[in-house]
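J.: For this one, chain A is given, so just place chain B on it according to the hints.
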Amino acid sequence: MTGALEGSAAFDPVIHKPVRLRILATLAALPDGDALSVARLRDLAGLTPGILTANLRELDDAGYAAEKTKEKQATVTLTREGRAALDRYTAVLRNRPARPAGYDRGAPAPNVRIGDADRDAAAAALGEHFAQGRLTLDELHARLGATLTATTYGELCQALRDLP
Amino acid sequence: MNHTSDAPTAENGGDFDPQQAAALLDQTTQRARRTFQSSPPLLIAFRAVVVLAAFGGIWLSVRGQHPYTGPRGWAIGIAYALVGIVIGWSSVAMKRAAAGVSGPAQRAKNLGIAVMLAAWVAVYVFMAALDHAGASHAIVFGLYPATAPLMIVGLVAAANSAGREDWMMAGNCLAIALVAMAAAFGGPVGAWLIMAIGLCAVFLGTAAVTVWQQHRSVVQP
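Protein sequence lines correspond, in order, to chains A and B.
Going by the numbering used here, the first residue of the first sequence is number 1, and it counts up by one from there.
Going by the numbering used here, the first residue of the second sequence is number 1001, and it counts up by one from there.
These are calculated hints, taken from the structure and not from any lab test.
Idealized CB from N, CA, C, for every residue including glycine.
Hints should not be assumed to be uniformly reliable.
[To be verified] No farther apart than 25 Å at their CA atoms in a straight line, the calculated lysine-lysine pairs in the DSS-like style are these:
#	chain 1	residue 1	chain 2	residue 2
1	A	Lys70	B	Lys1095
2	A	Lys68	B	Lys1095
3	A	Lys72	B	Lys1095
[Claimed, not checked] Each pair of labels, with its calculated beta carbon distance range:
#	chain 1	residue 1	chain 2	residue 2	range
4	A	Thr151	B	Arg1107	25 to 35 Å
5	A	Asp43	B	Trp1212	53 to 63 Å
6	B	Ala1099	A	Asp120	37 to 47 Å
7	B	Ser1090	A	Gly46	21 to 31 Å
8	A	Pro164	B	Gly1088	51 to 61 Å
9	A	Pro49	B	Ala1114	29 to 39 Å
10	A	Gly133	B	Asp1017	13 to 23 Å
11	A	Arg94	B	Gly1088	39 to 49 Å
12	B	Asn1110	A	Thr136	55 to 65 Å
Chain A extracted, bound-state conformation:
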């Protein structure tokens, strides 16, 4: 279970950066296999040539984007791996609890009862914290146990205490 959480809940560090996220989201709006000229991508993403080139290189190295030059025009394509990675990243974002810890403005009262979706989202968030080294394996197991048996927001927040 720990492995599954680790794999599914952690943000992909290649994508989890504003510039690269903007690049991948723009390319993902094109049909599979279509390429976009680097010049147009630069305009759409509002990036300087230097920043775009550096980030495209990172994405290319990770196998998420492929850069080609044809007839003196540089183009970039989102690879299948890149699309799959963006889908996984989006799924992690989707499964995060809106505000797991603390009783923020607008958060439900501690005695409000929770559902399976809340427990699953909190468990996913714990997995992400474990993957980022904020929790030890023992702490993860203890907190997961508390999360999966929690019945109210108060208990869920207790399981997610002192985490950012």
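T.: Coordinates of chain B only, in the frame set by chain A:
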């Protein structure tokens, strides 16, 4: 290739708040969808107005004709002028959306447009053949031009769009063809009115779906 050592820091996005990430992902995706959309909602809504005015105008010019002689010159003139404006606007929008884009889907789209144009020409050649064979005015200048072009071209375009897995466009073209099929039962006069109302409804529906598609969140299901 090894990107797992890219530890989360402020520089590489480690402090990038997930809620900000979700908002940025949605904002960028929606903007990109709008940019690459070859038929923006406003253009689709304008098409709705054009079909209503063009087909409706022709219906006004033929209603009450006994025997049926065909649309009046003014109605045909208005229809061609409006269609010309739509074609011009569509060309500009398509060119703008496709700027800097290349690849298999783009090539398939261009091929699809060429096939559609060929089908369009074939439909009108057949109309000339019907006239040459002595078919009645109700057929050659009524039922056939009101329904056949959009029935045939709509089906061709639907098949082409389905091949590209562009289900939205395929559904739109299929709906156009279905309206034309239904209109064929309306007779030489009624067909123009059914086409005017039916196509207007299809285009307005398509515009609404396009707006929804462009604004739907990728993060919030």
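J.: Can the suggested window of 51 to 61 Å be confirmed for the beta-carbon pair Pro164 of chain A and Gly1088 of chain B?
T.: At 55 Å between Cβs, range holds.
J.: Given the hint that Lys70 of chain A pairs with Lys1095 of chain B, test it: the Cα-Cα distance must not exceed 25 Å.
T.: holds (20 Å)
J.: Can you tell me whether the CB distance of Thr151 of chain A to Arg1107 of chain B sits inside 25 to 35 Å?
T.: The hint (25 to 35 Å, Cβ to Cβ) is violated, given that Thr151 of chain A and Arg1107 of chain B are roughly 57 Å apart.
J.: May I ask you to test the hint 37 to 47 Å on the CB atoms belonging to Ala1099 of chain B and Asp120 of chain A?
T.: holds (43 Å)
J.: Is 13 to 23 Å respected by the C-beta to C-beta distance linking Gly133 of chain A and Asp1017 of chain B?
T.: The hint (13 to 23 Å, Cβ to Cβ) holds, given that Gly133 of chain A and Asp1017 of chain B are roughly 18 Å apart.
J.: Taking the Cβ atom of Asn1110 of chain B and the Cβ atom of Thr136 of chain A, is their distance within the range 55 to 65 Å?
T.: holds (58 Å)
J.: At the C-beta level, are Arg94 of chain A and Gly1088 of chain B separated by a distance inside 39 to 49 Å?
T.: Given a distance of about 42 Å, which is inside 39 to 49 Å, the answer is holds.
J.: Tell me if the beta carbons of Ser1090 of chain B and Gly46 of chain A are separated by a distance inside 21 to 31 Å.
T.: holds (28 Å)
J.: With a cut-off of 25 Å on the C-alpha distance, tell me whether Lys72 of chain A and Lys1095 of chain B pass.
T.: holds (21 Å)
J.: Sort out whether Lys1095 of chain B lies within 25 Å of Lys68 of chain A, counting only the CA atoms.
T.: OK: Lys68 of chain A and Lys1095 of chain B at ~22 Å, within 25 Å.
J.: Just tell me: holds or violated, for the beta carbon distance of Asp43 of chain A and Trp1212 of chain B against 53 to 63 Å?
T.: violated (27 Å)
J.: Is 29 to 39 Å a correct range for the gap between the Cβ atoms of Pro49 of chain A and Ala1114 of chain B?
T.: With Cβ atoms ~36 Å apart, the hint holds.
Violated hints, in rising order: 4, 5; the structure is consistent with all others.
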